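In case you want the letters, here they are:
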Amino acid sequence: MIIVMGLPGAGKSTVLGKLSGSGYKLLNWGDLMFGIAKKKYGLAHRDDIRKLQTPQQLIVQKEVAALLAKETGKIILDTHCSINTPNGYLPGLPFALLGKLKVERLVLITAPIEEIMARRKKDMAGAAGRARELDEFGTREHDSQNRAYLAAYSAFTGAPATIIYNRDNKLDEAAAKLKSLLE
Amino acid sequence: MIIVMGLPGAGKSTVLGKLSGSGYKLLNWGDLMFGIAKKKYGLAHRDDIRKLQTPQQLIVQKEVAALLAKETGKIILDTHCSINTPNGYLPGLPFALLGKLKVERLVLITAPIEEIMARRKKDMAGAAGRARELDEFGTREHDSQNRAYLAAYSAFTGAPATIIYNRDNKLDEAAAKLKSLLE
Amino acid sequence: MIIVMGLPGAGKSTVLGKLSGSGYKLLNWGDLMFGIAKKKYGLAHRDDIRKLQTPQQLIVQKEVAALLAKETGKIILDTHCSINTPNGYLPGLPFALLGKLKVERLVLITAPIEEIMARRKKDMAGAAGRARELDEFGTREHDSQNRAYLAAYSAFTGAPATIIYNRDNKLDEAAAKLKSLLE
Numbered sequence: 001m002i003i004v005m006g007l008p009g010a011g012k013s014t015v016l017g018k019l020s021g022s023g024y025k026l027l028n029w030g031d032l033m034f035g036i037a038k039k040k041y042g043l044a045h046r047d048d049i050r051k052l053q054t055p056q057q058l059i060v061q062k063e064v065a066a067l068l069a070k071e072t073g074k075i076i077l078d079t080h081c082s083i084n085t086p087n088g089y090l091p092g093l094p095f096a097l098l099g100k101l102k103v104e105r106l107v108l109i110t111a112p113i114e115e116i117m118a119r120r121k122k123d124m125a126g127a128a129g130r131a132r133e134l135d136e137f138g139t140r141e142h143d144s145q146n147r148a149y150l151a152a153y154s155a156f157t158g159a160p161a162t163i164i165y166n167r168d169n170k171l172d173e174a175a176a177k178l179k180s181l182l183e
Numbered sequence: 001m002i003i004v005m006g007l008p009g010a011g012k013s014t015v016l017g018k019l020s021g022s023g024y025k026l027l028n029w030g031d032l033m034f035g036i037a038k039k040k041y042g043l044a045h046r047d048d049i050r051k052l053q054t055p056q057q058l059i060v061q062k063e064v065a066a067l068l069a070k071e072t073g074k075i076i077l078d079t080h081c082s083i084n085t086p087n088g089y090l091p092g093l094p095f096a097l098l099g100k101l102k103v104e105r106l107v108l109i110t111a112p113i114e115e116i117m118a119r120r121k122k123d124m125a126g127a128a129g130r131a132r133e134l135d136e137f138g139t140r141e142h143d144s145q146n147r148a149y150l151a152a153y154s155a156f157t158g159a160p161a162t163i164i165y166n167r168d169n170k171l172d173e174a175a176a177k178l179k180s181l182l183e
Numbered sequence: 001m002i003i004v005m006g007l008p009g010a011g012k013s014t015v016l017g018k019l020s021g022s023g024y025k026l027l028n029w030g031d032l033m034f035g036i037a038k039k040k041y042g043l044a045h046r047d048d049i050r051k052l053q054t055p056q057q058l059i060v061q062k063e064v065a066a067l068l069a070k071e072t073g074k075i076i077l078d079t080h081c082s083i084n085t086p087n088g089y090l091p092g093l094p095f096a097l098l099g100k101l102k103v104e105r106l107v108l109i110t111a112p113i114e115e116i117m118a119r120r121k122k123d124m125a126g127a128a129g130r131a132r133e134l135d136e137f138g139t140r141e142h143d144s145q146n147r148a149y150l151a152a153y154s155a156f157t158g159a160p161a162t163i164i165y166n167r168d169n170k171l172d173e174a175a176a177k178l179k180s181l182l183e
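Chains A, B and C supply the protein sequences, listed in that same order.
Everything in the first sequence is counted per our numbering, starting at 1 for the first residue and increasing by one.
Everything in the second sequence is counted per our numbering, starting at 1 for the first residue and increasing by one.
Everything in the third sequence is counted per our numbering, starting at 1 for the first residue and increasing by one.
If we strip away everything but chain A, and leave its shape as in the complex, we get (with noise of 0.2 Å):
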């Protein structure tokens, strides 16, 4: 399994759009909780897991992991290095999840700063009106802080750690760096 991380805004999702045809199974961390949450718990709506209490929310992220420690071919993960709350920054990948998990490589797709609070501005003001950070400072301490989890991970998994950059109108150079990733 190979987990992909990234800022909001950094460009993930492009990213893993470019990937189509490299023999992985795509599996979004969020979905998967969701769709177990809907059944548990019968939330209506993807937001509603933070909403969940935390036995509960524990509960479900258990059972996400067991679905994924099944999971045979080759995948990859997509999911958050942190989750930047009003109450901190939660690892996306806690040692007791990611000790269930038998992982093959860490990704963090990043960018410069400036660009991703100018991609973030435009998709506040775009159709879908997406809630995002704005505060400049704030980002850079979530770059920073998610830098040192990846290294945590890494550290506990012994998975090799990358840092790939997404950079405006670079697009196909970040999705080339992941694919030699996947070889």
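Bear in mind the hints are in silico, worked out from the structure with no lab data behind them.
Just so you know, these numbers come straight off a predicted model, no measurement behind them.
Listed next, the in silico DSSO-like pairs over lysine-lysine satisfying Cα-Cα at most 30 Å (straight line):
id : chain 1 : residue 1 : chain 2 : residue 2
1  : A       : 102       : C       : 51
2  : A       : 51        : A       : 70
3  : A       : 51        : B       : 102
4  : A       : 121       : B       : 177
Place chains B and C on chain A using the hints.
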């Protein structure tokens, strides 16, 4: 348990002093260490803890951890993220200890480095004449390493990690932020 | 055991060369790996270790760890904090290995990035013609990730972590700092 950490001069104690009435019991790791070391090894001064042999330090640490594991109510543990000793950064929460605690939240209190340096100079000039590290380069490095330790602690425990800035003349903001995490 | 790590060009070997008479036995992780891989898999060159299949690499790593666990005297282990491979940062001390060693102290030798870049250019121009990474942006990132790995290793082992700067024309200062940690 909520663990609150901070650089000397970040104003951790001052921020914690604003929390009265929060329903949390405030425990200081160093005080607990000294209390046990005093009984067990006849230590006279808090600073003598550092002079204990490593095996004795480990015994004292274990007893503190056991004592904390018994606490059932809402606790704030006041400790160091890492201690900047002449021989390197000593982790305040090595995993062997951290694994014994039920950590709900990790908080690092810091401030712009220039403000920390100015506060330290004042501390040393003051009546109490507290010994403070005055090397700005080293303090920046310490702050940076603290953030990396914070991420490692968070990945290990799964607990969210918050960085609170206690800026000059903004003590109330920092205290309000910390209070919001206790709710 | 004291573990000494450093970026290529930080001058780790030069600093370690100044330690004669310290009573410590100097062991190089790469040499130990090669010694075992040579016997077991008939490797001819040190660089061939990288070409081993992952399962074979893990077997060799385990034997090195077992060998180190048997050492009873004072040891300095010379290794990498992380290795900057084309496929990402490979942790030098994944927890699975680190957990088998009795680590007393972790030391990272580094230098201002500009000085590292200048030294690398010299290395490549020199008679030995060593291959060196010449990308400054990447080297800054590597140095930064090394510090995050260092914190993770320190949190995991509980051992203090020291960052030593080996500045141009200040080799004696760096060596004296390292010596002071051996006492």
